[in-house]
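Can you make the complete structure from the sequences, with help from the hints?
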Amino acid sequence: MPVSTPRIIYRVLRSHYGHQHWWPGDTPFEIILGAILTQSCSWSNVEKAIMNIKHVRALSPKTLIAMPLSRLASLVRPSGYFNQKAKKIRAFLSFFSAQYGSSIARMKKKRLAPLREELLSIWGVGKETADSILCYALSKPALVIDAYTRRLFHRLGHTAEDASYDELQDYLTARLPRSTALYNDFHAQVVIHCKDVCRTKPKCDRCTLSKICRWGMSARNRPAGKK
DNA sequence: GGCCAGGACACCA
DNA sequence: TGGTGTCATGGC
Numbered sequence: 001m002p003v004s005t006p007r008i009i010y011r012v013l014r015s016h017y018g019h020q021h022w023w024p025g026d027t028p029f030e031i032i033l034g035a036i037l038t039q040s041c042s043w044s045n046v047e048k049a050i051m052n053i054k055h056v057r058a059l060s061p062k063t064l065i066a067m068p069l070s071r072l073a074s075l076v077r078p079s080g081y082f083n084q085k086a087k088k089i090r091a092f093l094s095f096f097s098a099q100y101g102s103s104i105a106r107m108k109k110k111r112l113a114p115l116r117e118e119l120l121s122i123w124g125v126g127k128e129t130a131d132s133i134l135c136y137a138l139s140k141p142a143l144v145i146d147a148y149t150r151r152l153f154h155r156l157g158h159t160a161e162d163a164s165y166d167e168l169q170d171y172l173t174a175r176l177p178r179s180t181a182l183y184n185d186f187h188a189q190v191v192i193h194c195k196d197v198c199r200t201k202p203k204c205d206r207c208t209l210s211k212i213c214r215w216g217m218s219a220r221n222r223p224a225g226k227k
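Residue numbers (our numbering): 1 to 227.
Hints in this document: simulated from the structure, not taken from any laboratory.
Errors might be hidden in some of the hints.
Said to hold, decoys possible - Here are the simulated lysine-lysine pairs, DSSO-like style, with alpha carbons at most 27 Å apart:
{"no.": "1", "residue 1": "K87", "residue 2": "K110"}
{"no.": "2", "residue 1": "K48", "residue 2": "K110"}
{"no.": "3", "residue 1": "K62", "residue 2": "K108"}
{"no.": "4", "residue 1": "K87", "residue 2": "K108"}
{"no.": "5", "residue 1": "K140", "residue 2": "K62"}
{"no.": "6", "residue 1": "K88", "residue 2": "K110"}
Take a look at the structure:
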């Protein structure tokens, strides 16, 4: 069993990086677009795509849904998979218009569990994207699990490398207070930390969490001869 | 020039 | 149900 707990890990990260005030985006709608566009793509490319949309003054549900798909695809081109992502944005906008009249406020009134089911029913919205929308755009207590979270908690000896989304989410939510603010910043800390050092340093030798990494290494994962 | 990045879906065995 | 292929640009 790892000695460090998710709570301690969060405390260490927060004391090092400070509160992150996530998600990057000026409005809930921009955050939703970002959540779709960042699928398997670096954030710098997402920023370019959103800038393209802003540049043509199209950052509104009504403008985007009226736009030809090919035009939308050309705007989000820098984020990669642009044909797919244009369809995904269109699918969300159709849902958003039909169910909530394109109103964030109306969508916010819906309870977390049924709203999550609705989001997951939209083509192109998987668990990570749904939870990102719920937590960061709609201020609901949904903990986002992503490749960074999986990588970090595997390296700390908490979970298997191939742990499923639900397994990791259940593991962490069982060990953290249920709080939108905490879930928001917890995921932000994981991302900022992994972008900072973990990505290219498999042994976490220069990692902010180096002490925790050592504590966290379970006996099974510990290299032979090391104590 | 190769690898990777804050996924999701379709298809197949 | 799990594995594999596909979608694609941009930075390092």
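Which hint numbers doesn't this structure obey? Hint 2 is the one this structure does not satisfy, whereas the remaining hints hold.
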